[in-house]
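Asks: With chain A fixed as given, assemble chain B onto it according to the hints.
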Amino acid sequence: MLHTLQHFFAPMPGHGAWYFEKLALGLLFMFAILGALQLAPRRARKGIIAFFTFLGGAYYAAEFFWPTNSATNQNFLTPYQDTVAGLASVVGSFAIGLGVISLLQNHTRQLARRRPGWGYSAIFLVFFLAMTVFGLMNAYSAKSTVIPAVPGFWARQDAHGLFQFLFVGGLTNLGSATFAMIAFYIASAAYRAFRIRSLEATLLMIAALIIMFGSVSFGTWLTHGIHPVLADGSENPWANLRIENIAQWLMLQVNTPAQRGILFGLTLGLLATSLRYWLSLERGAYFEKEL
Amino acid sequence: MQHASENWWVSGLVILLSLIIVGKVLLAQRGRVPFIRRISGLNAIDEAVGRATEMGRPVMMVPGISGLDVVTLQALSIFSYIARAVARFGNKSIIPTIDPIVTGVAEETLQDAYADAGRPELYDSGDVRYLTGQQFAFASGVAGIIVREKVAASFLFGAFFAESLIFAEVGQQVGAIQVAGTTETNQIPFFIAACDYVIIGDEFYAASAYLSRDPTLLGSIVGQDYCKLLLLAIIFLGLIGVSLLNVPFLAHSSLFSHPLHWVVDLLKVK
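Here the protein sequences line up with chains A and B, keeping their order. Note that this note's numbering numbers the first sequence so that position 183 is 183, with each residue one more than the last. Note that this note's numbering numbers the second sequence so that position 170 is 1170, with each residue one more than the last.
Just chain A, with the same shape it has in the complex (with noise of 0.2 Å):
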């Protein structure tokens, strides 16, 4: 029995009965936490929740500011970020089952009414059992063969095989063509944003012009006539209006500090939303609502 669970929950080899042990505690551990949560009463619950909030932020805090050992550049608190991240895995993988429940019941749902779209629905249910056989198939029994009794080309598949074809062939490709996509996107969205409607509209599209032309061959031949150095060897100061030149300079110089100014405001408000919710200032769940 033991070694049918170690088999399935850990393939790995080193895994001893000590690796249960701690995994029964582990669960036990949490599902207490998880009742005393549940059954305290909303107050408390918050509290609870606030003071673990403050915990887990001051030892990230705690352990920046610091100081550390100049030859190792570890302070006595760095050795434990590993443990500390991990806990936001084991709540992670709580919420799995969460995510699983919520796609199976919309599905279903969506089947049994025979709403619009119900076949993309049943395609689904489809391909999730599939996925999760051939993919514990794959991971447990890899080297067996599934469907031995078909002659030609089912035959020579395994596990492993079936799990690729779907996995590789079938959500590798799908994204990738999903991906793909977004350059036709690119174009009717770019169609809209340079038709000339206004001043900026006009701006706009005078630099996205002057960026692509920079960009591509055709068009720094069409300033290719502007020598950037003049026949005494000095530098040609008209060189500058060269379009390769012109493109760096808008992206150097107006495109760059746009974009460090709105990552300024950006970093300070992540900064004060993060002091909020790690101070707890920001009281109730969201909103009005007072703790």
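Hints may be right or wrong, so weigh each one.
[Claimed, not checked] Label-pair restraints from in silico Cβ distances:
1. A:221 <-> B:1228: 41 to 51 Å
2. A:168 <-> B:1243: 56 to 66 Å
3. A:65 <-> B:1147: 49 to 59 Å
4. B:1232 <-> A:174: 44 to 54 Å
5. A:58 <-> B:1030: 35 to 45 Å
6. A:77 <-> B:1026: 50 to 60 Å
[What the hints assert, rightly or not] Residues of chain B clear of chain A, computed beta-carbon distances all greater than 12 Å:
7. 1041
8. 1047
9. 1050
10. 1119
11. 1121
12. 1221
13. 1243
14. 1252
15. 1257
In short, the hints are calculated from the structure, not lab data. Every residue, glycine too, gets a C-beta built ideally from N, C-alpha and C.
Replies: Just chain B now, kept in the frame of chain A:
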């Protein structure tokens, strides 16, 4: 691995900025509520929700594609306000998610918003939909929802990456009013090209303060503005220092060059 000891000057600056923000929040909580300017993109929320209700079509809100972080929480707090407006109008909200943890928080947010608006019976657990953990599968899923449900208003707030244009263009194709805001500066031009209203930069973090008028949030926004002034002063100081060091007379004068070098070295990013 970065530590404060690598650059105490910058670390001290972070502490100073934090103190300014927290100080302003505490002052606002004690009754000194500041004024903040109008943000046109956020004024359009009620208009978009009202229009969706008139058309009998749902409102969609996408909280980006990152996990449960500060950016997503901020997006959900904006959606909390929007969902309340949607509930008041008696309409339906759809929130597709890419992360199971975000799904749970979004469900709570939507449920609370409908209850606060006095319409808890309108909340449907199927309105918060976990789609997938894959970026482009999520993009396809959201595009499918936009087209099938014919959403009339689409709110895109959070961290978006290459899929941003897919959401915005598909929304444009079905004629939805779209309001977007993201912390990813590279995606802002795509949203500007395809959406009706875009909130830029720190307006994303100011949105919840603007919508709720909560003193804590308003104080935080003013604190951020004071921090911006401080940063601008530092940039200006660096600019003057570097410029003066290029003046031969000052650069060779021991009286001026030493303090100027000290200031410029202090402000250099190491």
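Asks: Under the constraints set out in the numbered hints, which ones does this structure not fulfil?
Replies: Per hint list: 5, 6 and 12 violated.
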